[in-house]
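Engineer: Assemble the complex: chain A is given as a structure, and chain B must be docked to it using the hints.
Chains as they are written, first to last, in this note's numbering: chain A, 20 to 229; chain B, 20 to 229.
Think of the hints as simulated: they come from the structure by calculation, not from any bench. Some hints here could point you the wrong way.
Repeated chains share a single entry, so a pair holds when one copy, or any two copies, can fit it.
What the hints assert, rightly or not - Heads up, simulated EDC-like pairs for lysine to aspartate or glutamate below, C-alpha to C-alpha not over 16 Å straight-line:
(1) 208 <-> 92
(2) 208 <-> 31
(3) 208 <-> 66
(4) 208 <-> 135
(5) 208 <-> 105
The structure displayed is predicted, hence computed values, not measured ones.
2 protein chains.
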Amino acid sequence: PDIRQQIAQTPELQPAQDAPLRSTPIRAVVLTNADVDHVAGLLSLRERQPFAIYATTQVLATLEANSIFNVLDPALVPRRILPPAEELAICDADGHDTGVTVESFPVPGKIALYLEERSRPEANFSSDAGDTIGVRITGAGSRGSVFYIPGCARIDATLRTRLADAACVLFDGTVYTDDEMIAAGVGQKTGARMGHLAMSGDAGSIAALA
Amino acid sequence: PDIRQQIAQTPELQPAQDAPLRSTPIRAVVLTNADVDHVAGLLSLRERQPFAIYATTQVLATLEANSIFNVLDPALVPRRILPPAEELAICDADGHDTGVTVESFPVPGKIALYLEERSRPEANFSSDAGDTIGVRITGAGSRGSVFYIPGCARIDATLRTRLADAACVLFDGTVYTDDEMIAAGVGQKTGARMGHLAMSGDAGSIAALA
Chain A
20 PDIRQQIAQT PELQPAQDAP LRSTPIRAVV LTNADVDHVA GLLSLRERQP FAIYATTQVL
80 ATLEANSIFN VLDPALVPRR ILPPAEELAI CDADGHDTGV TVESFPVPGK IALYLEERSR
140 PEANFSSDAG DTIGVRITGA GSRGSVFYIP GCARIDATLR TRLADAACVL FDGTVYTDDE
200 MIAAGVGQKT GARMGHLAMS GDAGSIAALA
Chain B
20 PDIRQQIAQT PELQPAQDAP LRSTPIRAVV LTNADVDHVA GLLSLRERQP FAIYATTQVL
80 ATLEANSIFN VLDPALVPRR ILPPAEELAI CDADGHDTGV TVESFPVPGK IALYLEERSR
140 PEANFSSDAG DTIGVRITGA GSRGSVFYIP GCARIDATLR TRLADAACVL FDGTVYTDDE
200 MIAAGVGQKT GARMGHLAMS GDAGSIAALA
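Chain A on its own, in the form it takes in the complex (with noise of 0.2 Å):
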């Protein structure tokens, strides 16, 4: 939802100067979940530009489900799957290549929040089967990659394999300490209950990832 102020403060997600009326450069989007701070921006990419979309099965089926979504005309902008573990090319609405490769993993995560039973607060909502993924980002030309992981519950061995080489790591910095939600009197869950590993402490991300 806040992606009108990213577009308005990022010159690259403008219409260029010279570009017609109501275009964009945003050729793609690449959803790691389908939590609504990944997906409401969404709503905002409404007038009939064409980008295609990017996600796993898992969350492709929740904008399916949410009829709201239908403001982006599938002739327009088409929703394709994201395969776990494929170098994938990313392409336009139109089949061009953006000249960005995607390859997607599993992250230990959760579900999103709405997707939860509400008549089961206590239960286990987490999930490592693709609900939550990360993404290496590689550039045309570029020899290094990006991750992007911006949600993750816990930092696994083929989760350690697979960034021991990374020249560069976005990772979930959602807490610095599990419940400081808590402790600042805004909140009763902690960073774990939401899907998300603090940054700071033995157990955290910055330890395991350092």
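Structural biologist: Leaving out everything else, chain B in the frame of chain A:
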């Protein structure tokens, strides 16, 4: 989806200086239709602050059918029916009167874009039955009222009579001329197709309300 910026620009919508962290003075939201520009802002009000949502049964059914709106926990954010043709005291989540009363009335309109059947693009999606409403808003202790009619397809005799003695009317200003999007090369739809009466012309809203 612009509500973030609207709050940033409007001190009255921001937490008071002496209010708790993550509080809001927004105590209730009244929806006049289910279009994405009317309901997507709810997704930005999701940080577990209590407030009440008022809408017609049709609009509430659309929220119910889109699980993404479950980010607003019904235990904190009750959803209440706005009955037609009845002056209703708007209350906050706890049932305390906000001092604002609202009378709603159906206006000629259209169902939300994302609820249109894609397979029948030429079907008639107009609606007179509560998919789009207007509201008359009265503040505690004030003698006058404000009419707020953000979407309206035509001004019929019923509406003309209702507004005859109005002190203030805020009326659908989506298009100035019916074909302006086509003329500007930014779309194929007329205002009429989108359920919006043009402002200008002999049949426009300015002439009709003069």
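Engineer: Could you place residue 208 and residue 92 in one of the four classes (within, between, both, neither) given a Cα distance threshold of 16 Å?
Structural biologist: Between copies only: 14 Å across chains, 37 Å inside a chain, cut-off 16 Å.
Engineer: Could you place residue 208 and residue 31 in one of the four classes (within, between, both, neither) given a Cα distance threshold of 16 Å?
Structural biologist: neither (37 Å within a copy, 29 Å between copies)
Engineer: Using 16 Å as the alpha-carbon threshold, which applies to residue 208 and residue 66: within, between, both, or neither?
Structural biologist: between (37 Å within a copy, 12 Å between copies)
Engineer: Classify it for me, residue 208 with residue 105: is the Cα-Cα distance of at most 16 Å met within a copy, between copies, both or neither?
Structural biologist: Answer is neither; intra-copy 35 Å and inter-copy 41 Å both fail.
Engineer: At 16 Å max between alpha carbons, let me know whether residue 208 reaches residue 135 within a copy, between copies, both or neither.
Structural biologist: within (14 Å within a copy, 39 Å between copies)
Going through the hint list in order, the structure does not satisfy hints 2 and 5.
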